[in-house]
Amino acid sequence: MLIDQTNLKYLTAKYLFSNTPMYLYQHYRRNVSLQNLAIKNKPETLAEEFKRITSKETKSLEETVTAYSILMSFTFLDYGKAFELLNSLAVSKLEWGTELKDIYNANKKVWNILRLTPVPLKFRQEQIKSQSSTNIVTLGTKPKKKEVS
Amino acid sequence: MINTKLMLCADNVIVDRFTNNASAFNILEEITPEGLPFAYPRFVVLSILEREISDPAKLECTLQIKIAEEIIIDQKVIVDFQDKLRSHSVFSIFGMPVPNYGILQASLLCEERELGHYDIKVNEPRQKKVTTANA
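For the record, the sequence lines run as chains A and B.
Each residue of the first sequence is one higher than the one before, starting from 1 at the first, in the numbering used here.
Each residue of the second sequence is one higher than the one before, starting from 1001 at the first, in the numbering used here.
Same shape as in the complex, but just chain A:
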């Protein structure tokens, strides 16, 4: 089972209470279990399950909620991957599938996140005056050992 019973109950309640696609989108988007669904399962596995459910003529309530959950879990993926998956699936087979996809496309922001670790500071110590020493800091060079007389 892709979604545990506790979360499935919550998601089913939200689905039954939704009177607009935006309401469903916002509440499903805030559900951590859907975020975990995307992280813990391969997108291909989820896509297969979505296709299996939507190919049925008659779907149970649990299956419908699972299909919507899978669709919303894709919105937590990297935008390129999510876009590719949402376009490859027959989202229109769900009553609000197309609307949810459109809301995602309209609200998605593109983020570029980069982490840098600069070259650490290296210290080079040399004695300038006979009675004192001065630390000279040079970035990116190897420390030289000097004998202090």
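It is possible that some hints are incorrect.
Stated by the list, open to error - Think about it this way: if two alpha-carbon atoms lie no more than 25 Å apart in a straight line, the pair counts; the simulated BS3-like pairs of lysine-lysine are:
| hint | chain 1 | residue 1 | chain 2 | residue 2 |
| --- | --- | --- | --- | --- |
| 1 | B | K1066 | A | K81 |
| 2 | A | K59 | A | K9 |
| 3 | A | K108 | A | K59 |
| 4 | A | K40 | A | K81 |
| 5 | B | K1121 | A | K109 |
| 6 | B | K1058 | B | K1005 |
| 7 | A | K9 | A | K40 |
| 8 | B | K1058 | B | K1076 |
| 9 | A | K108 | A | K42 |
| 10 | A | K108 | A | K81 |
| 11 | A | K109 | A | K81 |
| 12 | A | K81 | A | K51 |
| 13 | A | K108 | B | K1066 |
| 14 | B | K1084 | A | K109 |
| 15 | A | K108 | B | K1121 |
| 16 | B | K1121 | B | K1058 |
| 17 | A | K14 | A | K59 |
| 18 | A | K108 | B | K1005 |
| 19 | A | K93 | A | K14 |
| 20 | B | K1058 | A | K109 |
| 21 | A | K56 | A | K108 |
| 22 | A | K109 | B | K1066 |
| 23 | B | K1076 | B | K1005 |
| 24 | B | K1005 | B | K1121 |
| 25 | A | K108 | A | K40 |
| 26 | A | K81 | B | K1084 |
| 27 | B | K1121 | B | K1066 |
Said to hold, decoys possible - Where chain B lies over chain A, by a calculated footprint (3+ residues, C-beta under 8 Å):
| hint | stretch |
| --- | --- |
| 28 | 25-37 |
| 29 | 75-81 |
| 30 | 104-117 |
Simulated from the structure, these hints should not be mistaken for lab results.
All C-beta atoms in this analysis are idealised placements derived from N, C-alpha and C, irrespective of residue type, glycine included.
Here the structure of chain A is known, so what remains is to put chain B in place on it, guided by the hints.
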């Protein structure tokens, strides 16, 4: 033409995974270190760029951080707009060395054109006054 909608430096920038909105904490304006040089533990640059439809979706930019004309960071970065006209970038630098005092400037350059910059004043280290008790 590419325009900068926002550029700032802060201690931390987080992106709400559910709403895709960003929040910046401890926006940097002035730093007074205890001594020089020092390493700033976490330095984050937030940049929001806007493009026109005729502009390319992927930009090869350079993130440059310098102080008193001394370049500390000169890093090539890719800013990807994908199919949107606005792109948000968060560049986190852990342990950024600051060798001197002056104006610390973080800039984003594209083909040698400056897209945006943010200045932070790094003050001279505080002079500690030592007082001795009379005998």
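Which hint numbers doesn't this structure obey? 1, 3, 5, 13, 15, 16, 21, 22
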